[in-house]
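**Q** Be aware that the sequence shown starts at 131, since it is given in the working numbering, and climbs by one per residue.
Treat the hints as calculated values from the structure; they're not laboratory data. Predicted model, so just to flag it, every value in this text is computed and none were measured.
Below, simulated EDC-like cross-link-like pairs (lysine to aspartate or glutamate); rule was C-alpha separation at most 16 Å, straight line:
#	residue 1	residue 2
1	K232	E242
2	K276	D306
3	K229	D290
4	K375	D347
5	K373	D347
6	K229	E287
7	K323	E338
8	K398	E368
9	K276	E168
10	K370	D347
11	K294	D173
12	K307	E168
13	K302	E168
14	K302	E287
15	K413	E168
16	K311	D420
17	K313	D420
18	K393	E368
19	K294	E168
20	K313	D417
21	K307	D417
22	K232	D212
23	K276	D239
24	K318	D420
25	K174	D290
26	K318	D417
27	K370	D389
28	K375	D389
29	K229	D239
30	K276	E242
31	K174	E298
32	K155	D173
33	K364	D347
34	K364	D389
35	K393	D367
36	K318	E338
37	K276	D309
What follows is a list of derived Cβ distance ranges for each label pair:
#	residue 1	residue 2	range
38	D173	K370	51 to 59 Å
39	K364	N414	32 to 40 Å
40	K352	D173	41 to 49 Å
For every residue, glycine included, the Cβ atom is placed at its ideal position computed from N, Cα and C.
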Amino acid sequence: MKSSKKFIAIILLLISAQSFAGTIKVVTTLTDLKSIAELIGGDKVSVTSIATGYQNPHFVDPKPSYIMNLSSANLFVTVGLDLETGWSPQLLTSSRNPKIQKGAAGYVDASENIPLLQVPSSANRGEGDIHIYGNPHYWLDPLNGKIIARNIANGLERVDPANKSYYEANLKAFNDKIDAKMKEWAAKMAPFKGSPIIAYHNEWVYFETRFGLHIVDFMEPKPGIPPTPSQLVKVIDEVKSNKIKVIISSPYFTTSSSDVVAKQTGVKVLTLATSVSAFDSIKNYFDLFDYDIAQLTAVLK
Numbered sequence: 131m132k133s134s135k136k137f138i139a140i141i142l143l144l145i146s147a148q149s150f151a152g153t154i155k156v157v158t159t160l161t162d163l164k165s166i167a168e169l170i171g172g173d174k175v176s177v178t179s180i181a182t183g184y185q186n187p188h189f190v191d192p193k194p195s196y197i198m199n200l201s202s203a204n205l206f207v208t209v210g211l212d213l214e215t216g217w218s219p220q221l222l223t224s225s226r227n228p229k230i231q232k233g234a235a236g237y238v239d240a241s242e243n244i245p246l247l248q249v250p251s252s253a254n255r256g257e258g259d260i261h262i263y264g265n266p267h268y269w270l271d272p273l274n275g276k277i278i279a280r281n282i283a284n285g286l287e288r289v290d291p292a293n294k295s296y297y298e299a300n301l302k303a304f305n306d307k308i309d310a311k312m313k314e315w316a317a318k319m320a321p322f323k324g325s326p327i328i329a330y331h332n333e334w335v336y337f338e339t340r341f342g343l344h345i346v347d348f349m350e351p352k353p354g355i356p357p358t359p360s361q362l363v364k365v366i367d368e369v370k371s372n373k374i375k376v377i378i379s380s381p382y383f384t385t386s387s388s389d390v391v392a393k394q395t396g397v398k399v400l401t402l403a404t405s406v407s408a409f410d411s412i413k414n415y416f417d418l419f420d421y422d423i424a425q426l427t428a429v430l431k
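Throw the hints in and build the complete structure from the sequences for me.
**A** Shown next, in the form of structure tokens:
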């Protein structure tokens, strides 16, 4: 009997040690967060993203597989600011995983400490799809990537404190690369500072602000409202009067309305990536800006 109890105790200790030594399972809402989590977590983590890089992050249909992933996750990383409010909360609740619920050690709001833009003074649904906490597309400023990485590192260190020095070293390497790439990106964008552009949806403000572009108007008359005939007439006039060269959009928006403007004005319609893996060549967070800046500067020349 004693030997049997001793054997069981040893097995339990081995299971416990194996669990502790195993990789940290991370689930993110978006591929951008996944990429950064992989760069910070390295070989200590296994990361999956719920949304794909070519999906509209506002609208993701919940699937049982998402709930299964979340049920065994050690860390959950969200953009926050209500970007995923239509699908993320119900997935978290359905996962029944106390480790990753809001307020738990395994819950990371990547927007923490982000200098937010376009925070409305009041919420008025008559103005379209308004985000009451501010514009949530903050990852499109590469310097905000450093803040996101810090938040993810904090989360990893909470659930896996034994590897804190490892995560901190990876964080430093990430920040150093952002700083180096930022010099490169800024130099490429510098000749086009102040260039007027049209955007389909209001998701480029952080990119616009960082690189000194000027979004004159949007194809949508209000956020989330499809282009109307009167808006098309307005945009056509703006393109002509401001000598605008490009309308930028995302993979999940149709270009049919933008194509109408292009036919009338000769403006170029350019589909850029808003997230990692939107296109096959975009494998990580750095590729995202390499791609968008290369595409944009080629048109603005």
